[in-house]
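Asker: Sequence:
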Amino acid sequence: MSFPPLILALNIIVPYSIGILGYLLFKFALMRNKLDLLRYFFKSYFQKEPLLKKLFSLLLFIGIGSGLTYILQIFGWEPDRFLHLALVLVAFTVIQKMLSPLPKTPVYYAVVSFACVWLAVQATPSISVFLSGFAFFLGLYLVVFVIAKQLILSLASVTLDNAVDVNGLQVGMIPAEQIVRVEQPDGTVHYEKQQVEFSSGQDDNIVISPDPTGLTTEEIAELQHLAAAGAFAEFGNQINVQPSIRFAPVISVGALLTVLCEGPFYLKLMQLF
157 MSFPPLILAL
167 NIIVPYSIGI
177 LGYLLFKFAL
187 MRNKLDLLRY
197 FFKSYFQKEP
207 LLKKLFSLLL
217 FIGIGSGLTY
227 ILQIFGWEPD
237 RFLHLALVLV
247 AFTVIQKMLS
257 PLPKTPVYYA
267 VVSFACVWLA
277 VQATPSISVF
287 LSGFAFFLGL
297 YLVVFVIAKQ
307 LILSLASVTL
317 DNAVDVNGLQ
327 VGMIPAEQIV
337 RVEQPDGTVH
347 YEKQQVEFSS
357 GQDDNIVISP
367 DPTGLTTEEI
377 AELQHLAAAG
387 AFAEFGNQIN
397 VQPSIRFAPV
407 ISVGALLTVL
417 CEGPFYLKLM
427 QLF
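Residue 157 is where the sequence shown starts when you use this note's numbering, and the numbers rise one by one after that.
Fair warning: there could be bad hints in the mix.
DSS-like mimics (lysine-lysine), calculated; alpha carbons at most 25 Å apart, straight line [what the hints assert, rightly or not]:
no., residue 1, residue 2
1, 253, 349
2, 210, 253
3, 209, 424
4, 210, 349
5, 183, 424
6, 183, 260
Quick list of simulated restraints, FRET-style, between CB atoms [as the list claims (entries may be wrong)]:
no., residue 1, residue 2, range
7, 165, 228, 12 to 22 Å
8, 291, 428, 29 to 39 Å
9, 173, 374, 29 to 39 Å
Quick caveat, the hints were computed from the structure, so don't treat them as lab data. Glycine included, each C-beta is placed from N, C-alpha and C at the ideal position.
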């Protein structure tokens, strides 16, 4: 690998992720009631609508992974396994983000699903190769987006996020969750908290969602108005906000690793073993 920006990005993101994961595991080991985490994980994941979205995301992931692998083979580029996995994950995230503004209609799901299946079939010369590729991407999706992502997000929510009273919100605070307006069959409206998905798109029912710029004065006023009307009584009129992170030291460590290792740090680490 000889693309400096990509090397620097890997040397920033991977050590940071390892550090955060280590900290979360440490906090998990000290937790008194670990069942709360598992309860939160199953409650947030195994619901009908989120589960259907995950199944669609799985199909999209398999299609993108198969298509990207086929394209790399056409150009004769065989990146190492770690970089290959990273490229698949990046492509999946980018395409999900590009598709997010589209209205989620039955036609959308049908067209995208057909395209994913067509890509997966076109990228494999035989049934055995198709099944092995399907099993690989299925396992990767389950590990990264179910076990790792959902469990780590649940752990992070329990250990890192701070519950702040709506009346105590300040400009610039970043929510750690979405608050969604849900209309009931009888016409009444209630509000639910959900984890953020790239595929959620521009939904008018989303009251608030994590944004790097943080909450604005207008958004805080709207939240306080809803809280005063009793909309957030189920949450105790509290919203989880993300802790502030200083990225300057993280970037500095990544730059230092790039200079010392003269490439991706994990390659040097693998040489030691």
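Asker: For every hint, state whether the structure bears it out.
Answerer: For each hint, the structure was consulted:
1. 253 <-> 349: Holds, at roughly 21 Å.
2. 210 <-> 253: 15 Å, holds
3. 209 <-> 424: Distance of about 39 Å is beyond 25 Å: violated.
4. 210 <-> 349: Roughly 17 Å separates the two Cα atoms, so the pair holds.
5. 183 <-> 424: 29 Å, violated
6. 183 <-> 260: 38 Å, violated
7. 165 <-> 228: 12 to 22 Å: Taking Cβ atoms as reference, residue 165 and residue 228 lie about 19 Å apart, which means the hint holds.
8. 291 <-> 428: 29 to 39 Å: With Cβ atoms ~32 Å apart, the hint holds.
9. 173 <-> 374: 29 to 39 Å: Since the Cβ atoms of residue 173 and residue 374 sit about 34 Å apart, the hinted range of 29 to 39 Å holds.
Against the hints set out earlier in the document, violations occur for numbers 3, 5 and 6.
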